[in-house]
Amino acid sequence: MSRVGTFLKQYWMFVALGFLLVYPLIWRAPYYHVLGFNTLIVATAATGWNILGGYTGYKSLGHSTFFGINAYLVAITANELGWNPLWSAPLLALGVTVVALVLGWIMARAKGSAFVIATIAMLLIFRLLALNVKSVTGGAPGLSQPLAPWSPEYSRMPFYYYMLFWLVIALLVSAYIRRSRFGLGLLAIRDDEGKANMVGVNTTLSKVLAFGVSAYFIALGGGIWSYAQTHIAPIFAFSILNDVDTVLATMLGGLGTLWGPVLGAFILIPGSDYILFNFGASQFHLAVFGVLMVVIILFLPRGILPSLRDRLAARRETSSAFTGASTMEDLSDSQPRGEVPGREAPAP
Amino acid sequence: MTSSIGRHRWLVALFVVLAIVGAACGSGDDTTTTAAGTSDTTVAATDTTEATTDTTEATTDTTEAMDSEPIVVGASLPLSGDKSEPGTAAKEGYEVWEAMINEAGGLLGRPVELVIVDNASDQNTASTDYEKLITVDEVDFVVGPFSSFLVIPTSEVAARYGYAFIEPAGGAPDVFNRGLTNLFFAQPAPGSEQADPFADYILSLPADQQPATFAIVSQDDPFTLGVMDRLKGFLTEAGVELVFDEVYAPETTDFSSIAIQVADLDPDLIVGGTVFDDSVAQIRAYQDAGYQPRAAFFTTGPSLPGPFREALGDATEGVFAAISWFPAAPGFQNAEFVAKYVEMFGGDEADIPEDAANAFTVGQVLAQGVENVGAVDNAALIEELHKGTYETIVGPLSFDEVGRPQGTFMVLQWQGGSFVITDPGDRRQADPIWPKPAW
Amino acid sequence: MLIQVAVIGLLTGGVYAVMVSGLTLIFGVMKIINIAHAAFMVLSAYLAYWLFSGLGIDPILSMIGIVPLFFFIGKVTQRRVLSPVGDDPGLLVLLTFALAITLEGVLGSISGSTFRTVRTGYTSSIIPVELSSDLTLRLPVVRLTGFVASFVVLGVLWLILNRSGLGRAIRATIQNAEAAQLVGVNIARVRSTTFGIGLASVAIGGALFSLIFSFNGSSHLDWISKMLAIIVLGGLGSLPGALIAALILGVAEAVSAVTMTSYISPIVFYLILFLTLVFRPQGLMGAKVREG
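Residue numbers (the numbering used here), protein chains in the order written: chain A, 2 to 349; chain B, 522 to 960; chain C, 0 to 291.
Just so you know, the hints here were simulated from the structure itself, not pulled from any lab data.
Label-pair ranges, simulated between beta-carbon atoms: (1) A:107 <-> B:939: 54 to 60 Å; (2) B:702 <-> C:279: 54 to 60 Å; (3) A:151 <-> B:702: 19 to 25 Å; (4) B:772 <-> C:155: 27 to 33 Å.
Being a predicted model, the structure only gives us computed values, none of them experimental.
Note that CB positions come from ideal geometry on N, CA and C, so glycine has one too.
Generate the whole structure from the sequences, applying the supplied hints.
Structural data, given as structure tokens:
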């Protein structure tokens with residue numbers, strides 16, 4: 002193992018963060034900042050979604066409800082009260098989280114497929130409300146809000162760095178939850194809800210909290226997106242395609258892992274930008290996207306990171322030359338279903 | 522057996538991941554690759570340029586000029602998704618303009634090169650595209666996408682960088698009331714004024730023929746609602762009674778309940794605020810419900826001749842709609858446009874989409890504005906466009922301070938399997954049929 | 000007027016019943032929510048449209064070819080694409096979603112986004128039924144056809160389920176897959192056959208759909224949520240439930256569009272769906288379904 006390799010293995014997180022910090026300075030055209038920003042929104046949303054979908058096993062296809070609600074709240078408060086979205090987005094997202102907790106509490110009764118359809122129905126209801134309550138939302142044409150005051154060449158950079166900051170927060174929260182007693186409860190619910198209940202996990206409370214936490218990071222992204230976009234309309238703010246991006250990013254990277262959702266977003270968003278650019282002359286890119294999705298689900302059902310881990314584990318079994326603690330293991334600290342998640346989980 | 526399948530799976534999976542990662546890198550940091558791969562139009566453009574330099578009057582000057590660096594014009598269009606049909610038509614219109622202007626010696630003596638990208642009918646993607654066109658590809662000019670939804674956010678992007686934004690298809694009130702000064706709508710009049718000439722026609726009928734009642738059935742869309750609001754105002758002010766006013770969700774497909782209500786009230790005039798497929802669905806539902814109005818007007822739908830005729834057959838007879846352009850229109854360069862379109866994309870000239878013509882109009886306005894300025898200068902161009910009047914295939918166009926065009930639309934009516942222009946009077950091809958035959 | 004509206008709603012509900020019968024059957028046997036169901040319906044509608052506009056074959060007639068084709072497609076899809084993934088409902092929902100957008104992309108590339116519909120000689124024909132001197136019902140022939148067809152399709156499905164060996168195997172699998180396997184039912188075959196039958200029934204739905212509605216490649220997104228609402232209200236997996244729910248919803252939708260604005264009615268629709276899922280996942284009809 003070369004020295005560079007060892008260094009990367011130990012400090013890759015900081016290398017990655019450093020790269021993300023200097024990225025906008027190297028690629029200076031605002032387009033790259035927009036692409037980065039879009040990617041970070043999905044990475045943050047996916048990290049949040051993963052707490053419910055990955056750790057707890059409840060896969061929502063309607064969480065962009067909260068994206069849309071906060072997008073509207075931020076736009077309305079900016080227009081009516083002059084609130085600056087940079088601080089109002091995270092603040093209002095807390096309010097949205099309260100809404101999510103209530104909805105989560107109602108939906109905690111639904112399981113499996115019923116839960117998935119219920120989340121879709123929730124999204125459709127809120128989209129229709131946004132279309133209908135015209136006095137508040139402006140109806141189908143949507144709402145405009147003031148432009149960010151920064152000069153054009155740099156106007157996208159603050160959004161990028163701001164979202165990067167929130168991605169780091171989301172990851173810290175996700176990592177903390179994963180190692181906490183609460184997180185253990187979530188994993189237990191995923192593996193067998195009935196059993197989790199029996200060993201004393203308050204499953205309803207845990208599910209509702211997971212629902213709320215995941216909603217927070219998605220709502221946050223919606224609020225900041227609203228400011229960056231300056232104009233929002235119901236069909237784009239409450240779009241199931243936002244959910245699909247989030248869910249796909251998570252599954253591609255590794256469902257239930259800490260880093261998988263981020264890795265997935267960094268592959269998916271620039272990748273689909275590229276597919277759209279090159280196959281976009283017709284609707285063929287949808288087919289390309291669909292087939293890729295099928296292939297990924299068929300061949301990488303657990304995502305890239307867990308599969309990589311399996312691969313490495315298999316190699317380690319065959320070759321004894323591979324020694325030492327592997328950081329790859331930390332990269333993809335997912336527990337296969339049914340396994341007791343005991344290794345690195347001291348009770349707080 | 523199992524292990525061999527496992528190995529095989531792994532190969533495929535690895536290939537997919539590599540493909541995606543490779544794709545991501547390609548779009549992330551290698552601008553030259555993307556620029557080269559942008560569109561075949563680039564190649565096509567160069568071809569026509571080469572071909573034409575030989576044939577045109579080509580003094581040594583222009584030949585040298587045409588060899589010089591091209592003026593690049595960028596646009597993001599909905600080539601897939603909800604709006605792909607009109608988006609593709611707009612792309613064709615832009616391409617006809619590119620071909621024609623290069624045959625005529627280019628712009629400021631330099632060849633014109635189009636860069637068109639797809640935004641999949643998505644607002645976010647459309648904004649990102651213009652961001653990229655302006656800041657990465659550093660195009661000289663940008664022109665607009667299709668439909669108000671996409672024009673609103675993208676015109677803000679163009680405004681941020683001081684680019685003029687001439688656009689073919691975003692005429693809703695919200696497009697103009699944000700007070701942007703860089704936006705110019707290249708249709709004869711703001712979208713909401715589309716039905717004005719039709720209202721004029723209705724109110725010009727002798728008192729005993731005028732409809733006494735009318736119904737409005739409109740899709741919830743910024744453009745159609747704008748049109749309906751004005752029409753409603755004109756007609757009710759003149760004493761025509763509005764007996765039914767319904768706004769439906771864009772995804773509505775079944776109009777039978779609405780049609781039965783309309784049939785029950787039996788208004789003389791039915792006005793549909795439609796986008797296309799809903800005009801067909803509405804008319805079918807009225808047929809089923811046995812409703813026979815004396816006149817019927819739809820915002821969009823009847824102006825797409827091929828699909829409209831296919832879906833409705835003889836039921837099209839007598840239906841009115843508004844239109845900005847038609848193949849036999851007398852506008853500047855119209856005959857050339859029609860000929861070139863048929864040459865490039867085939868088909869019948871009667872089936873050339875209006876959206877292609879509107880995109881071509883954008884090119885005409887841009888070219889004349891730039892020639893007047895005499896340089897590639899967006900700030901000067903914006904100033905110029907507010908002052909000048911431009912000859913286009915939809916007639917002369919000039920713009921007010923927020924880019925509203927100062928002309929009028931035309932009224933078409935279906936007569937004998939195709940449509941004719943019935944209003945305004947100076948462009949009339951045939952007298953309107955009133956009342957319309959049963960559908 | 001309300002009677003006329005309600006009757007049209009009832010006829011439309013019959014067509015809905017054909018559209019969703021396969022969806023609910025597939026759920027019953029496999030616990031899969033087939034998001035691609037509406038996309039397959041649109042595919043069938045396109046096939047009917049192409050056969051009609053190209054060769055002049057009436058959609059009702061073209062079913063003879065399309066239905067077996069869809070049965071085959073369904074069998075193969077289940078075997079090669081769905082069954083290797085296992086039984087995680089979230090993963091399967093995503094997979095069928097992926098199938099749906101693949102179909103949408105392929106159809107969109109082939110035919111653009113122009114809305115299509117089949118216009119036959121009888122498209123706008125009406126059968127007037129005089130109820131009394133001042134009330135004449137107007138029954139559109141195409142919707143009446145759809146209504147009748149729905150009873151034929153559901154009748155055939157009922158016969159298959161209740162009067163054949165295959166049906167016994169399917170019913171056993173719905174009740175308890177593991178137990179069925181123990182008594183010698185070939186679960187894998189039952190599943191792929193059921194998926195085939197499900198798609199075959201939606202092929203019929205698609206042909207009827209092409210006669211009544213306009214569609215393009217993206218239309219499936221508008222329809223799948225309506226289909227889901229129907230099978231949820233009917234009780235996931237229950238055929239008679241789906242029929243009753245389809246008829247009720249057809250009528251409720253039509254009547255509420257008149258009594259409320261046409262915009263409020265879909266909100267009510269989804270709200271009922273949402274509440275049913277949360278509080279009565281077995282559906283309004285009460286057919287108890289085991290959770291997967």
